[in-house]
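**Q** Below, each chain spelled out in residue letters.
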Amino acid sequence: MRKTNYFHLLMIIPATVVLLLTLFYPIVNTIIISFFDKKLFYPSFSTFVGLSNYKEILSNEEFWSAFKITIYFTIVSVFLEFVIGLFTAILLNQNFKLRGFLRTLVILPWAIPTVVNGVLWQWIFDSNYGSLNGLLYQLGLIHNYVNWLGKPFMALNMVIIADVWKNCWFFTIVLLGALQTIPKNYYDAAKVDGAGFWNRLFNVTLPLLRPAIVVSLVLRTSEAFKVFDIIYIMTKGGPANGTQVLSYYVYHTSFEAMQLGKGAALSTIIAIIILLIALVYIKSLMREEVEINA
Amino acid sequence: MHKRKKIIGLYIAGILVAIFILMPIYWMFVSSISPKIELLSKPPHWFPKNPTLQNFKKLIWGGTGTSGEIPDFKRALLNSTIVALITTTISLLLSIPAGYVLSRKFQKFKQIYLNIIVTARMFPEIALVLSMYLIVSRLKIINTWWALIFVYTSFILPYSIWIMYGYFLTIPKELDEAAYIDGAGIWKSFLKVDLPLALPGFSTVAIFSFLMCWDEFLYALILTFNMKAKTITVVVSEFTTRHMIDYGLMMAGGLVATIPPMLIALLLQKYIISGLTVGAVKG
Chain A
1 MRKTNYFHLL MIIPATVVLL LTLFYPIVNT IIISFFDKKL FYPSFSTFVG LSNYKEILSN
61 EEFWSAFKIT IYFTIVSVFL EFVIGLFTAI LLNQNFKLRG FLRTLVILPW AIPTVVNGVL
121 WQWIFDSNYG SLNGLLYQLG LIHNYVNWLG KPFMALNMVI IADVWKNCWF FTIVLLGALQ
181 TIPKNYYDAA KVDGAGFWNR LFNVTLPLLR PAIVVSLVLR TSEAFKVFDI IYIMTKGGPA
241 NGTQVLSYYV YHTSFEAMQL GKGAALSTII AIIILLIALV YIKSLMREEV EINA
Chain B
1 MHKRKKIIGL YIAGILVAIF ILMPIYWMFV SSISPKIELL SKPPHWFPKN PTLQNFKKLI
61 WGGTGTSGEI PDFKRALLNS TIVALITTTI SLLLSIPAGY VLSRKFQKFK QIYLNIIVTA
121 RMFPEIALVL SMYLIVSRLK IINTWWALIF VYTSFILPYS IWIMYGYFLT IPKELDEAAY
181 IDGAGIWKSF LKVDLPLALP GFSTVAIFSF LMCWDEFLYA LILTFNMKAK TITVVVSEFT
241 TRHMIDYGLM MAGGLVATIP PMLIALLLQK YIISGLTVGA VKG
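Taken in order, these protein sequences are the chains called A and B.
The first sequence runs contiguously to residue 294 in the working numbering.
The second sequence runs contiguously to residue 283 in the working numbering.
Source of the hints: derived by calculation from the structure; they are not laboratory data.
Everything numeric in this text was worked out from a predicted model, so none of it was measured.
Check each hint, because a few of them may be wrong.
As the list claims (entries may be wrong) - Simulated crosslink set (DSSO-like; lysine-lysine; CA at most 30 Å straight-line):
no. : chain 1 : residue 1 : chain 2 : residue 2
1   : A       : Lys39     : A       : Lys55
2   : A       : Lys151    : B       : Lys42
3   : B       : Lys110    : B       : Lys36
4   : A       : Lys68     : A       : Lys39
5   : B       : Lys49     : B       : Lys36
6   : A       : Lys283    : B       : Lys42
7   : B       : Lys36     : A       : Lys151
8   : B       : Lys36     : A       : Lys236
The task is simple: from the sequences and hints, build the whole structure.
**A** Now the structure itself:
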C-alpha cells in the first residue's frame, strides 16, 4: 500500500478533471474577459483594453456605494446573527424541558430556501396589508402603515432582519456543538470562585469556543459578503440603489447593462476581497492546528 | 429560590425564541390558506375564518391567478428534483474516491489540493456566472437540466471532497492495511472495509448537496428561460415580478418549495448537525 500506483491515480483523476473543467476554467475565463471590452450579444466584438475596466470601476461612485452597502450589510447581519446564535446556543445548552423542542425548531428557518425566505419577508413587510404593519398598528406602536421597503436605509435594515431570521441559527447549531465539548467542572470551578454569568461568559465560555467562533464567523462573513438572492427578491437593489450590494451590482452591469468585460473585472475584484477573507480563515485554522499539536 | 428563578428565566427565554422562529412560518401557512378577502384586509386576520385550499389547487392543476397564467409548478418541482439528484450522484461518485485517496496518499500534494479546493469554494458565485453563461451557451446546453448540473457540480464537488476526506481520515489506515495484507487487494479493501465505514459521510454529503441544489437561485435565474428547465426557486421568485402580486399563491408556492428541505432537515437532523459542525470545524 505504500507505493502510489494506478489505483490511486485512477481514483483522483476523474474528480480533478471535472474540477478543472467546471470550476477552474470558468475562473480563468472570467479573469481573461476582464481585460476586454466585451458586450453581451456581440461576442465577436471584443477588444483588448488592458486594465481600463478596472480603472473605470474603481473610479466609479456606484461601485464605492455598493461596496459600502455590502460592508454595512455584512457587519450588521453577521454581528446580529452571532449574538443571537451565541445566546440561543447557551440557552439550549441548559437543562430544561423545552430544550429538545427548541433544538429541532432552530433547524426550520435554516431549511427554508433563501428565495422563499425573501418572498415571505417581503409579504410580512408589505406596506398595504403586511403583518408587521398590522401587528404594530394593533399594538398601538404606529398610527399609519409604514412603507418598510420604501426608503433606502430602512429597506437595507429590513432586508438584514430577514437575513438574520434565517441565518442566525447556523451559529446556534455550530456553537452548541462546541459548547457541549466544554467539561461541566470548568463552570463549577468558576462558580465556586463567585463568577457571575457575564464573568463566566467572557472568561470561560468565549475563550474555549474561540476556534468554533473564528471559523463560523469567517464562513458566515464570506457568505454575507456574497449576498444576492434575498436582495434580488426583496428590493432588486432599490430603492434609489439603497440596497445595491456588490453581487447585485455585478448582475446589473453584466446582464442588465450588458457590459460583460466590466462585469468580469468587477467579479475579479470581489473574488479578491473574498479570497482575502478566505486567507484569514485558512491562517486562523492553521494556527489552531499548531496550537493543538503543541 | 435562586434556582427556581433561573428555571423561570430559561422558560421565558425559550418561549420567546420559539415565538420568534414560529411567527413568520405560521404567517406563511395562514396566508397560503386564507381567501383573498381575508388576506387583503387591515388589520390582518390572524386566524383564517374560511380557510381554503384554492391556492394549492391552482398550483397543482394550473389556471390563471390574478397575475396571469400560473407557471407549471409540477414541472418546476420535477426540474429541481432531477437536477439536485443527478448533481448529488455525480458529486458522490467523484468525491468518494478522491476523498479516500487524499486521506491515504499524496502527503505533500494533498495540502495544496485541499487548500485550492477551499479557496475555490470561497469564490463568489456571481463572479463566475458570466463565464458559466458563456460556456454553457457554447456547449449548447443552455436552458436544460445539464446546464444546471454542470454549474452545480462546480460548487458541490469541492465541498463533497472536503467532507469525504474528513470522514476517511477518521477511519484508521491500519484497517485497510490489515485487509490488504490478508490478501484482499487494493480494490477489495477499499470496497469492503473503508466504504461501509464512511457511510455516515456519504449521507452528510448527499443531504447537503441536495439541499444546496434545491436552494440555488442565481444560476438557475440566468441559465434557464422557460419551464423546460426552470427550477422551483425561479418560479417562486416570479410570483413577485408580475404586475400584481398574488401573495396567497406565492406563500402556497413557497410552502410547497419548503416542504422537501424541511422534511429532510427534520428527519435527518443528526446528519445536518454533524455536517454543519464538521463543515465549520474542518472546512
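**Q** Given the hinted pair Lys39(A) and Lys55(A), is their Cα-Cα distance within 30 Å?
**A** holds (18 Å)
**Q** What's the verdict on Lys151(A) and Lys42(B), does the C-alpha distance respect the 30 Å limit or exceed it?
**A** holds (22 Å)
**Q** Given the hinted pair Lys36(B) and Lys236(A), is their Cα-Cα distance within 30 Å?
**A** The hint holds at about 26 Å.
**Q** For a C-alpha distance cap of 30 Å, please report whether Lys283(A) and Lys42(B) respect it.
**A** Violated, because 54 Å separates the two Cα atoms, which is more than 30 Å.
**Q** Taking 30 Å as the top limit, are the C-alpha atoms of Lys49(B) and Lys36(B) close enough?
**A** holds (12 Å)
**Q** Given the hint that Lys110(B) pairs with Lys36(B), does the C-alpha gap stay at or below 30 Å?
**A** Distance of about 59 Å is beyond 30 Å: violated.
**Q** Hinted pair, alpha-carbon criterion (30 Å max): Lys68(A), Lys39(A). Please report holds or violated.
**A** holds (27 Å)
**Q** Could you grab the alpha-carbon distance between Lys36(B) and Lys151(A) and see if it respects the 30 Å cut-off?
**A** holds (28 Å)
This entry does not satisfy hints 3 and 6, going by the numbered hints stated previously.
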